[in-house]
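Protein sequences appear in the order of chains A and B. Counting in this note's numbering, the first sequence runs from 76 upward without gaps. Counting in this note's numbering, the second sequence runs from 59 upward without gaps.
Keep in mind that the hints were calculated from the coordinates and are not lab data. All C-beta atoms in this analysis are idealised placements derived from N, C-alpha and C, irrespective of residue type, glycine included. There's no promise every hint is true.
[Unchecked claim] Only pairs whose alpha carbons sit at most 30 Å apart, straight line, appear in this in silico DSBU-like list of lysine-lysine:
1. B/K334 / B/K423
2. A/K166 / A/K138
3. B/K449 / A/K148
4. B/K394 / A/K138
5. B/K423 / B/K279
6. B/K449 / B/K460
7. B/K394 / A/K235
8. A/K235 / B/K272
9. B/K272 / B/K225
10. B/K473 / A/K142
11. A/K142 / B/K334
12. B/K460 / A/K142
13. B/K423 / A/K142
14. A/K138 / B/K449
15. B/K280 / A/K148
16. B/K215 / A/K148
[Claimed, not checked] Where chain B lies over chain A, by a calculated footprint (3+ residues, C-beta under 8 Å):
17. 87-93
18. 125-138
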Amino acid sequence: MRRRIISVLLENEAGALSRVVGLFAQRNYNIETLNVAPTDDETLSRLTLTTLATDEQVEQITKQLNKLIEVVKLANLTDGDHLERELMLIKLKATGPQRDEIKRTSDIFRAQVVDVTQNAYTIQLTGTSGKLDAFLRAMSDSTVLEMVRSGVSGLSRGEKVLSI
Amino acid sequence: MPARSVSEVDFIGFRIIQKFQVNKVEMLSGGDILIRSLQEEGVEHIFGYPGGAVLHIYDALFKQNRIQHILTRHEQGATHMADGYARSTGRPGVVFVTSGPGATNAITGIATAYMDSIPMVIVSGQAHTHLIGTDSFQETDMVGISRPVVKHSFLLKNAEEIPEAIKKAFYIATTGRKGPVVVDIPKDVTNPTDLFPFEYPETVSMRSYNPASKGHSGQIKKAVAMLLEAERPMIYSGGGVVQGNGSEDLTSLTRTLGFPITNTLMGLGAYPATDKQFLGMLGMHGTFEANNAMHHCDILLAIGARFDDRVTNAVSKFCPYAKIIHVDIDPASISKNVVADVPIVGPVEVVLKELCRLAEAGVAKRSEKQTAMLSEWWDQIEGWRRQDCLKIDVDEGSKVIKPQQVIEAVYKATKGEAYIASDVGQHQMFAALYYPFDQPRRWINSGGLGTMGFGLPAAMGVQTAFPDETVVCITGDGSIQMNIQELSTCAQYGLPIKIICINNRSLGMVRQWQDMQYEGRHSNSDLDSSPNFAKLVESYGHVGFSVTSIDDLDVVLEETFSLKNKLVFVDIAVDSNEHTYPMFVSPNGSMRDMWIKKGVRT
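When you get a sec, could you build the whole thing from the sequences and use the hints?
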């Protein structure tokens, strides 16, 4: 079982996303993260999902996804060199000496404080999922009030493209 | 009210055109656009059931006479009829249902078609656009509820989308790996007072849907080379060959190569079953010789089959000596359950033609050693065949009818030429084993989903398509009662189906498993209080016979099939303790591990 990043070009139509999500539920595949938005061509959405799967499973997953009528093209980004990024917004309790500590750690991770109140910081951080996890571990002594992660987005490195 | 004549309809159509003509484009309502689109697709029959959300559509249907609508007694019946129609003709079956319960009732039939890759287009009514999502009367999310069991679906939001959606629906349903497509239409979209220009697209192209049109020629060459080198070859073909119209080419390939062949439950008839190269059906209830030949072969050519768990038994023990060549239109079927050594994605008919061409050239050059190997392999197969695994055990002098004898008698009475629609259970397996099909599309059964209640409506679909052919429904006392209401539809449309009910007063297959795995505890598998079927069908205006003794069987069947224009229901009391054999030993058995008869295994 390895983590895979599958990138899908999908017709930007009502109901298309539900078919992708439904397929995973129906065929007992798991979705770790899922991220979707329209592309520069507004008739297409680009969807990135991560899943834990064996080689055989990921072959079936890509074949089954390809069978969906609204899937135009897809690529398994983890087959080659790729870029991946995830965005996290995290609201932390920041009072007393904690305020400085949180700011220092954020700087180390090149995170930005994007909102401040007397008692809380909201921090924005982008990077690989591993970097976001590391930041969370480093903040484990702080009180997390709430947080949200975008799920992974990715592209292949170099000149390889996924387009129609 | 009598149906209007063509000229009247044309006249009304003409007036409409005159009144609303804009740039020579016809102006029609959504309901009329739908019906016209279906006419353009060459649809001749629709199976359906009206209701609130499809009233506009039914009114549009009333105003024409090119398409005949068959009013069923339940939406499930309508879907199975369309399914049987599609299986027997190769043309897509079309269904109309209303929203809510009409749509949900259709789901079992849609799932049945989906599992067996049958082309169907289901038009369902939907609540008014402005009411969708408000839990309005007879509203259900049809696209959502059918999503896992359709090839694709459309929810239309305005009438102008109808022609293209219908064009796409038929294109998707009938190409690639075939399957059911749902078109969900809100009531306001078919409103008769809103008129739109109608133009039916001649072609359709979709950037995201391009099924393979031929196989990879390098892979095909490699496959033929392997086949010609084989010492113990085996051909295993499935429903894809029937659906993909590949029977003729499969037959010619098999004969050219001189190889043994087996068909799956879905693939019966793809190769003539009375031919000596045919080893019978394989799988859970397959023949001793077919399953053994599968287990021992060294090269397996799988065509239009999907290595279903009912075929392979334990996958880890499947074909331990074989290299596998797998031809299928659906890439996802290849290496799903069993890894293929030579995968070939393409339409079976096209790939088979190419295989034939190369094999014909190659066979002539086959060495003497190879010919000897093949004949040695046939000797081994003939040894398995001599076991005569389908021999019927009859108690000397007993009048009790064995279910297998019923199928043999039906075969005799119909000269093996009937369309046989089966229900699901023991009788289905007996029919598959004891009625050898020499032609494709004659054996109509629910293989993938195993839907009880499929047989009668499916037979009705076949009879609608082929009014002059002999159509038989082989059923049991359990299955027939799952859609028995359709006897009324048969009366309305004069469908002279012959229903052979193998009545064992129980749910035979459930009972068999309970005998074998639950020490004979028959938990809820006895069917007490079935009606007197012969009298019941008479009340519908049909003919009913009851048979209890083997002495009467042939005589009654002869009379049954002589009543060409009547639906005849033959209720045949059979031995209720009979089991279906051969049968895989499972779980964890290989294909050669079989029960041959009660208490006797390999």
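Status of each hint after checking the structure:
1. B/K334 / B/K423: 24 Å, holds
2. A/K166 / A/K138: Given that 30 Å is the threshold and the Cα spacing comes to 40 Å, the pair is violated.
3. B/K449 / A/K148: 54 Å, violated
4. B/K394 / A/K138: 10 Å, holds
5. B/K423 / B/K279: Holds. B/K423 to B/K279 sits at ~15 Å (cutoff 30 Å).
6. B/K449 / B/K460: Since the Cα atoms of B/K449 and B/K460 sit roughly 12 Å apart, the hinted pair holds (cutoff 30 Å).
7. B/K394 / A/K235: Cα-Cα ~29 Å, so holds.
8. A/K235 / B/K272: 28 Å, holds
9. B/K272 / B/K225: Satisfied, since the Cα-Cα distance of roughly 23 Å is no more than 30 Å.
10. B/K473 / A/K142: 42 Å, violated
11. A/K142 / B/K334: Violated - the C-alpha atoms of B/K334 and A/K142 are around 39 Å apart, more than 30 Å.
12. B/K460 / A/K142: 45 Å, violated
13. B/K423 / A/K142: Status violated; Cα separation ~41 Å.
14. A/K138 / B/K449: 44 Å, violated
15. B/K280 / A/K148: Since the Cα atoms of B/K280 and A/K148 sit roughly 29 Å apart, the hinted pair holds (cutoff 30 Å).
16. B/K215 / A/K148: 26 Å, holds
17. 87-93: holds (count 3)
18. 125-138: holds (count 4)
This entry does not satisfy hints 2, 3, 10, 11, 12, 13 and 14, going by the numbered hints stated previously.
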